[in-house]
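*Asks:* What follows is the residue order along each chain.
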Amino acid sequence: MSVRVGEAASAPTFAAAAKHLMGNDQLRRNVRNATEVIRNKRAAVVGEMSDWQQLRDTAHAIKDHTMRHLGEYLARFEENCTRAGGIVHWARDADEANAIAIEIIRSHNEKEVIKVKTMTTDEIGMNRALEAAGITPYETDLADLIVQLGDDKPSHIVVPALHRNKMEIRELFMRTMGLSELGTRPEDIAEAARLYLREKFLRVPVAISGANFAVAETGSVCVVESEGNGRMCVSLPRLLISVAGIEKIVPKFADLEVFLQLLARSATGERMNPYNSIWTGVTPGDGPREFHVILLDNGRTKVLADEVSRETLDCIRCGACLNACPVYRQTGGHAYGSIYAGPIGAILTPQLQSMEHSQTLPYASSLCGACYEVCPVKINIPEILIHLRNKIVENGDAPAGEQMGMKAAAWAMSDAANLSTARTLGRIAQMPFANNGVIHHLPGMMSGWTATRDMPSIPAESFRQWWAKRAREKRP
Amino acid sequence: MVGETRQGEKTVNANSAARADILLNIRRSVGDHAAICEAEYAAIPREYRHKGTADRSEILDLFASRLHDYDAVVYHCPAGAISTIVAAAMDARNKTSLLRPERLPQEWLPANRSFPVVDGLSYEEINRGEGVITGCVAAIAFTGTIMLRHSVGEGRRALTLIPDYHLCVVFADQVVETVPEGFARLKGMETQPLTTVSGPSATADIEMSRVKGVHGPRFLDVILVG
Amino acid sequence: MDQPLRRRKYTEITGRTPLIAIHWELQISLFIACYNDMLFPGTGQAVVTVLERLGHTVEFRQSQTCCGQMHYNSGYQADALPLMEKFLDDFRDSGVVCIPSSSCVAMIREHYPVMAEKSGRPEMVREVQSLIPRVFEFSELLVDKLGVEDTGAFFPYLVTLHSSCHSLRSLHIGDKPERLLKKVRGLTYVPLEDRDQCCGFGGTFSVKNADVSAAMAADKIRCVLKTRAEVCAALDNSCLMQIGGALGRLNTGTRTMHIAEILAATEASVPTGAGAHV
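Protein chains in written order, with the numbering used here: chain A, 1 to 476; chain B, 1 to 226; chain C, 1 to 278.
Because the hints were derived from the structure by calculation, they are not lab data. Model, not experiment: these values are computed from the prediction. Treat the hints with care, as some may be off.
Said to hold, decoys possible - Derived DSS-like pairs (lysine-lysine); straight-line CA-CA distance at most 30 Å:
| no. | chain 1 | residue 1 | chain 2 | residue 2 |
| --- | --- | --- | --- | --- |
| 1 | A | Lys-378 | B | Lys-187 |
| 2 | A | Lys-166 | B | Lys-51 |
| 3 | C | Lys-118 | A | Lys-378 |
| 4 | A | Lys-19 | C | Lys-226 |
| 5 | A | Lys-302 | C | Lys-145 |
| 6 | A | Lys-153 | A | Lys-252 |
| 7 | A | Lys-111 | A | Lys-153 |
| 8 | C | Lys-118 | C | Lys-182 |
| 9 | A | Lys-391 | A | Lys-378 |
| 10 | A | Lys-407 | C | Lys-86 |
| 11 | C | Lys-182 | A | Lys-474 |
| 12 | C | Lys-183 | C | Lys-226 |
| 13 | A | Lys-200 | A | Lys-166 |
| 14 | A | Lys-469 | C | Lys-182 |
| 15 | C | Lys-118 | A | Lys-391 |
| 16 | A | Lys-391 | B | Lys-187 |
| 17 | C | Lys-86 | C | Lys-118 |
| 18 | C | Lys-182 | C | Lys-145 |
| 19 | A | Lys-474 | A | Lys-19 |
| 20 | A | Lys-19 | A | Lys-111 |
| 21 | A | Lys-391 | C | Lys-86 |
| 22 | A | Lys-153 | A | Lys-378 |
| 23 | B | Lys-187 | A | Lys-252 |
| 24 | A | Lys-407 | C | Lys-183 |
| 25 | B | Lys-212 | A | Lys-469 |
Produce the complete structure using the sequences and hints provided.
*Replies:* As structure tokens, then:
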């Protein structure tokens, strides 16, 4: 079975990628600006909600419940969707999902597909698979269009092209759309995209979408969006394929009232995003005549198996954690080497990938907790990060030097006498480096600190020595 | 049965195997608690705001103000005067003809203008239309949302999607305050195609400056009746 | 010390009458935190000074070492467990425990129950449950337990405050540190922009992801320098080591100090270079 998460298998370490990306001033400006804008918008619309915490609690409880009964709910969804004329498929991994989609499209003798933004198809590398099968996918989300035309990679869950500025996008459009002139205002650029894509919406008979939510009770699928390309893709073509991770299931239709309130405010700082589309199976005379749902595992059942980190699957892909994260703010999404970036990426990618190649991601965090604070479904990301770090260490995959250091520290802390010894050794070891209470340079592991920051040296007298001395002096 | 139509036999068998594997893996991960599923679902805490507290006129004011935020024009209209206001709205936008769903009430339509039914039209033909007029199934004041029920109510989805102008008739008693109240209005219609519209489409993908109107109608007018 | 005597002593030192009567004399057990013991003894001394000035008795159990946070957060839970056991052992029969480190308090409140649960030992779970209500971060102790905002301090400088992540999000400290600072005579308090942004320390993160950590420190000191404060305070020397390390490397002339050292300062002993982190 080949679990694939975009390119995560071959990504460089987070630290290396971060260092490289932080050298890009434009990127840093864009990331900083974008995250700040959405963060402030989110704060404003969340601030006006008197029941925000209650909504979060309910959402968390619904997701928790759903995961416990996931098999049951998936079966119900399949039954109800099928009854309404939909065709439900199950895919264990990326290859199976892609094969199913290709088979469906081929059986209709079609060669072009319009796509709505879905991270799930990015995760399984569907575009590459389609192209290899002679099928051309057209991304229709403006940002994904920008990423596709620029042969690039997304850097944010909700605003994938935020690493690109206006002039870069304009230049890209002129080149790829064959435009001899194009205004420089955002409106002009959006208009170019609108015309370019409209032609496709009205003509291409096959669409692929994701699913923000799949309702078990009714067999309905819900797609949430801002631009209108989602509505175009799910209602105009003859054939629609929706790829849904198995964790997208919610039990009942009414549960949407909770998630839709949380998602819009968290993702884009709006009270409600411009368009939500909800449909069930096939409706004669309105929309696709044939509708397929591909339920995708690709490592999710493995995540489900871990009781502590299972709630990673609760994620509704709002991106609020990215916007709140002080680490993401410095590096942008590409540093995470996966389409899932930021705090959620740091826990989801290693779990889907079985930690093999994404082992540095759980350490890409200072555990500040800002993500947990904004997560609409209350995923305790810091706790899961620590849990994953523990797994890495237990597997023996922590760096050897660090393991030794931790063992030494454990010995030192095990007993006050040991601690004193360690302190004395430290006082000796620091002698070449300590000057007037300050250390400017340390070799080895600690050089990372001293490259940019000073350190205090270990003072002559520890607190406990001072205390003991004071106690002696007090005695008559 | 699932996966029978248009699937080669190989795919059907693979699909059943995949289904069995996935369900087995799930059972291995969380066990099988089907028996207590309903009881546990019922026990989920739901202390969020279900009903609003504003009175009728506050609700309508709030709804109108949200629409203003979206740059939608709001026409206040007494019952019985809908066709007059429709004419006024069309004039304001220089429209002589609007597409409509088959079941749109005749009395909404002013004379001396053309209102072709959308059924049977191709996408290109819809695209050439000047705009569309529909009703709605409900509206939510707090979020400025209009809820459309397609096919039966507001016509097939292409109708309210392809044209650049949407004139929507909303009755005062269709407007509720909160999102849960809006969803309550959808009872019995859950499996019909539904679209919620909260302002014209927008993107913030170009340096985070919000551009209104990408796909979908860029111009929205609402006639608020009663 | 009886109450009237304690009040007189307080008034003697500070020249003012305490707003809230101190009803009882507490025996407070100090957990200094391993890194304070080793690198910032001045903070511990300051805590003792303040608590004794307020008429309480401080005990220090010499057997103490570390709460286990570094190992736990870095993924070495197996090594953190014996440190938790030791902590429980060292403080089993103590009264109130004061810790001038909000990250250690967060460790105890949030992760000790988890570790105890995982250990499968019910008596450990019980011990953790009995420990938690007795543990206070220093500013929590002053404001919540002792009912004190005015510690009789004098510190005539411009001071800003960084809010450490643990204090904000785990301890929900609110404005307690600010209230304490605002009661310090001579002190001018200036709020820090983006004060709830992480400074970038994060324990081993500061070394494992040193470049990102440095970038986060840069953002933090940019805000600190903007306030023109002479001193940046916080509840945690870990944050201050990060912030002070950057301020010092760039010779900004702005110092960092643990809040305890500001609250300990009086006319008789205003620290000049004391407590500086670099």
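*Asks:* Check each numbered hint against the structure and report the violated ones by number, ascending.
*Replies:* 2, 5, 6, 8, 11, 14, 16, 19, 20, 24 and 25
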